[in-house]
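Asker: Listed below are the residues making up each chain.
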Amino acid sequence: MHKTRLQILICGGTGCISSGCLEVEDALVAALEKHGIRDEATILKVGCFGFCEQGPIVKIYPDNTFYVRVEAKDCEELVAEHLMKGKHVDRLLFKSPITGESCHHHMDMAFYKTQLRIALMHCGMVDPENIEDYIGVGGYEALAMALNDLSQQEIIDIVKASGLRGRGGAGFPTGNKWQFGLDNKSDKKYIICNADEGDPGAFMDRSIMEGDPHAVLEAMAIAGKAIGADEGVVYIRAEYPLAVNRLRVAIAQAEKYGLLGDNIMGSGFNFHVRVNLGAGAFVCGEETALINSLEGQRGEPRLRPPFPAQKGFWGQPTVNCNVETYACIPLIITRGADWFKSFGTEKSPGTKVFALAGKINNVGLIEVPMGTTLREVIYEIGGGIPKGKKFKAVQTGGPSGGCISEKNLDVGVDFDTLTAIGSMMGSGGMIVMDEDDCMVNIAKFYLEFTVEESCGKCTPCRVGNTRMYEILERITQGKGKPEDLVELRELGQTIKDASLCGLGNTAPNPVLSTLNHFMDEYEAHVLHGKCPAGACKDLVNYVITEKCIACSLCAKACPVNCIHPTGSETPNGKKKYVIDQEACIKCGACIPKCPPKIGAIVRE
Amino acid sequence: MSDVFISKEGVSFMEKNEKALYAELDAYIGSLPTKQGALISVLHKAQDIFGFLPKEVQEYVAEKLDIPTSKVYGVLTFYSFFTMTQKGKHRVNVCMGTACFVRGADKVLEKFERDLGMKANTTREDGLWSLDALRCIGACGLAPIITVDGKSYGRLTEDDVTGIIETTLAKEEAK
Amino acid sequence: MEKVNSREELKTLRQKYKDNVIMRLVSDNAKDRVEIYVAIGDCGLKSGARDIMKVIFDEVNAKRLEKVSVIAMDCVNGCDKPDAPKVEGNFACGHDPTVDVIFPGEATPTRHGKVNADMAKKIVADIAARLEGK
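Chains as they are written, first to last, in this note's numbering: chain A, 1 to 604; chain B, 605 to 779; chain C, 780 to 913.
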């Protein structure tokens with residue numbers, strides 16, 4: 001039954017690879033060999049466990065031990081103590097930030113306790129480069145059902161009944177989309193998987209493709225059967241080399257097993273999938289722009305209608321869904337629509353994966369039932385704000401979304417509630433901000449992104465967003481006027497109403513939502529010339545007060561040599577230091593150098 | 605074309621025969637089932653081979669795919685992944701995704717600009733360094749994160765920057 | 780590598796490859812599994828507990844007891860931790876190899892001392908019988 005007594009899983013997602021998991025793997029193998037127990041353990045590199053903050057993560061089965069921040073140099077001890085003697089290596093266990101106690105089973109951690117994994121069910125559990133693992137957990141059974149037991153309409157009816165809504169942004173009902181794909185008759189149809197995860201700070205889709213690529217492929221084949229398509233394309237960011245590679249490996253294996261390709265499982269149904277690399281254009285997340293890009297064109301959106309389900313890729317009916325949406329499909333088919341609907345809220349059933357990042361203790365990839373409150377996500381799963389700082393806002397939906405303030409933290413997250421409070425679900429990026437973040441500056445950050453990524457086809461988006469950006473730039477430089485705030489609102493609304501595609505329709509959201517929830521910060525900039533968070537450089541001055549003891553540490557740290565001993569004298573006759581405001585670049589490097597008990601440098 | 609052309613693998617252009625590079629591109633184009641819609645894939649391959657996409661390569665691709673050069677130029681300038689300028693010997697990419705931004709990536713980038721004496725999104729005149737601000741690389745748990753010649757450095761502060769530059773240069777001397 | 784030509788063949792493959800993942804599936808749902816702990820700390824090691832662990836693991840494997848996990852643990856009797864409280868049924872070091880068995884829902888394990896290969900096989904056989912009885 002078991003090939004070895006132990007299975008050691010190493011998180012092999014992009015995050016953990018960056019933090020050194022490959023070296024950990026080598027060191028583990030070396031240590032196992034040294035102790036003569038190489039044959040007792042199988043080592044598997046799997047997809048993301050989600051707890052990126054604590055990576056690289058090593059999980060030992062059947063012991064259920066979850067080691068965090070493991071480095072290559074720890075492996076000898078891990079093998080010598082845990083594997084040879086059955087002793088936990090306490091220093092590598094996760095410590096609860098609240099009680100300080102060690103947790104060795106991941107299900108005891110607050111980070112995992114409230115999560116519910118559907119789209120990520122097998123992510124971090126199966127070996128993504130070995131189709132056998134996926135088949136072993138019941139993979140491709142949903143496709144077998146779709147090919148043998150279900151008619152095209154029956155498949156679509158199940159998806160419709162599940163209430164699944166597109167996880168890529170707007171939340172369009174997936175079953176309806178498939179229905180349009182089926183109803184539009186043609187000899188040739190296409191299935192597209194949108195894996196062009198362009199939101200900065202979002203890594204849900206990447207993690208799914210890296211951790212469980214077959215779930216996406218299986219779902220695409222099911223969609224192909226449902227609408228009568230025999231070709232699928234995954235449009236994926238070129239910036240995700242690991243995901244690209246794992247998808248390619250998965251496609252090749254599935255073809256070898258006859259689970260993709262011609263005559264799948266002897267059913268007579270053919271479905272081929274290929275991978276198409278994007279080239280770095282945020283607008284290609286919009287489906288008509290994506291289709292243009294697939295055809296080798298500039299990724300500019302097309303006018304709708306006709307919708308892709310009518311006239312899409314090469315003018316043929318095309319169904320395009322996002323990675324996470326597909327990842328839910330196999331389980332919906334095998335476990336039924338009612339099972340899926342038993343999670344989440346009435347209008348947004350199921351779960352949602354979020355990439356939780358920013359000023360939060362537990363950065364990571366999480367999946368929770370729809371309707372979970374932001375407070376639960378941030379304080380229970382996320383473990384709160386680091387360094388005891390005060391929460392200010394959480395941003396959802398990336399450059400298309402908005403900032404949510406403290407007063408809305410008890411809102412249960414789903415497609416409709418987020419829209420109602422001026423943000424949106426988007427693909428699931430969730431960035432937490434604290435008291436040090438200036439909301440005007442954040443709005444400017446997002447708008448800079450959209451201005452750069454606007455394809456330029458329609459004027460409201462191309463010119464309007466640029467004008468808004470200029471206004472924000474003025475405000476952050478202290479040159480804003482009260483009329484600017486009115487102008488921002490009007491301009492924002494016009495861009496929303498008049499733009500051609502989703503990018504323009506949503507681009508003003510970060511500005512409008514911060515205007516709604518953080519008007520006081522805008523006013524502080526415009527009326528008083530102050531940045532309350534101290535983030536806008538032009539509105540901040542660094543000053544050395546009379547407390548200075550002339551130790552010169554700050555002057556040594558200054559990268560532009562603008563701190564000089566030209567002030568009044570200290571009691572022992574040395575000259576106090578003064579910052580030359582003309583030359584100062586406001587990098588703030590001097591502040592941490594001033595001894596804490598002196599604290600002579602202030603930001604004002 | 606410049607004499608000190610460095611492709612992304614760090615192989616000097618002069619060491620490799622230019623003809624061989626074009627032959628590699630030819631082979632790829634020849635292997636495509638159809639040229640229809642293939643422009644972006646071909647540009648990916650060309651950038652892989654040449655390291656960047658100068659005018660000569662654009663013209664070559666246009667001729668091979670039987671499309672106007674203006675179209676090749678139009679498509680490649682639309683996408684940020686493609687570059688028409690050669691990159692430096694050492695490539696620093698600073699992630700400026702939101703998660704990195706709120707954790708101070710802008711300060712890290714500024715420190716690189718100061719230490720290397722160059723602006724972001726340029727290549728230094730001596731061809732030694734390229735400094736680019738990137739959109740999210742998706743390793744938000746390690747924010748702020750940068751990559752230098754493909755190696756990642758995470759959870760950085762601006763104080764780490766000088767050391768990273770020195771390490772990179774030391775590696776080169778060791779070779 | 781075999782090509783799947785029908786739904787039945789997929790099912791056969793699934794049965795085969797379940798072996799790859801069954802350890803992870805059962806461990807992730809730890810509430811429902813039987814756990815056999817073998818003490819392989821310093822004293823256990825000296826008394827040959829590793830060999831006993833292997834016997835138990837091989838037996839569990841041979842009987843295909845999917846919901847039984849064989850797990851290594853530290854010394855139970857605390858000879859290296861002099862302050863450890865002595866609990867009832869706790870043995871001195873001389874009683875190694877020690878094997879604990881705990882069924883789902885049980886608060887305390889059943890402890891076996893001085894386990895030899897035959898006893899180890901018997902322990903697994905008893906677990907199998909008890910699981911079948913359920």
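These are computed hints drawn from the structure, not numbers from a lab. Don't take every hint at face value.
Under 7 Å between C-beta atoms, here's a sample of chain B residues computed to sit facing chain A [stated by the list, open to error]: (1) Gly641; (2) Leu643; (3) Val679; (4) Ala743.
Listed below are the simulated DSS-like cross-link pairs for lysine-lysine, each with C-alpha atoms no more than 27 Å apart in a straight line [stated by the list, open to error]: (5) A:Lys575 - A:Lys593; (6) A:Lys387 - A:Lys479; (7) A:Lys311 - B:Lys623; (8) C:Lys790 - A:Lys85; (9) A:Lys87 - C:Lys893; (10) C:Lys825 - A:Lys45; (11) A:Lys537 - A:Lys496; (12) B:Lys723 - A:Lys479; (13) A:Lys85 - C:Lys846; (14) A:Lys113 - A:Lys347; (15) C:Lys893 - A:Lys256; (16) B:Lys723 - A:Lys537; (17) A:Lys256 - C:Lys782; (18) A:Lys387 - B:Lys711; (19) C:Lys782 - A:Lys45; (20) A:Lys3 - C:Lys795; (21) C:Lys782 - A:Lys87; (22) A:Lys3 - C:Lys833.
Calculated from the model, a selection of chain A residues having no Cβ within reach of chain C, i.e. all distances over 10 Å [stated by the list, open to error]: (23) Glu132; (24) Val137; (25) Lys479.
Built from N, CA and C at the ideal position, the CB exists for glycine as well.
Asker: Which of the listed hints are not met by the structure?
Answerer: 6, 7, 8, 10, 11, 15, 21, 23, 24
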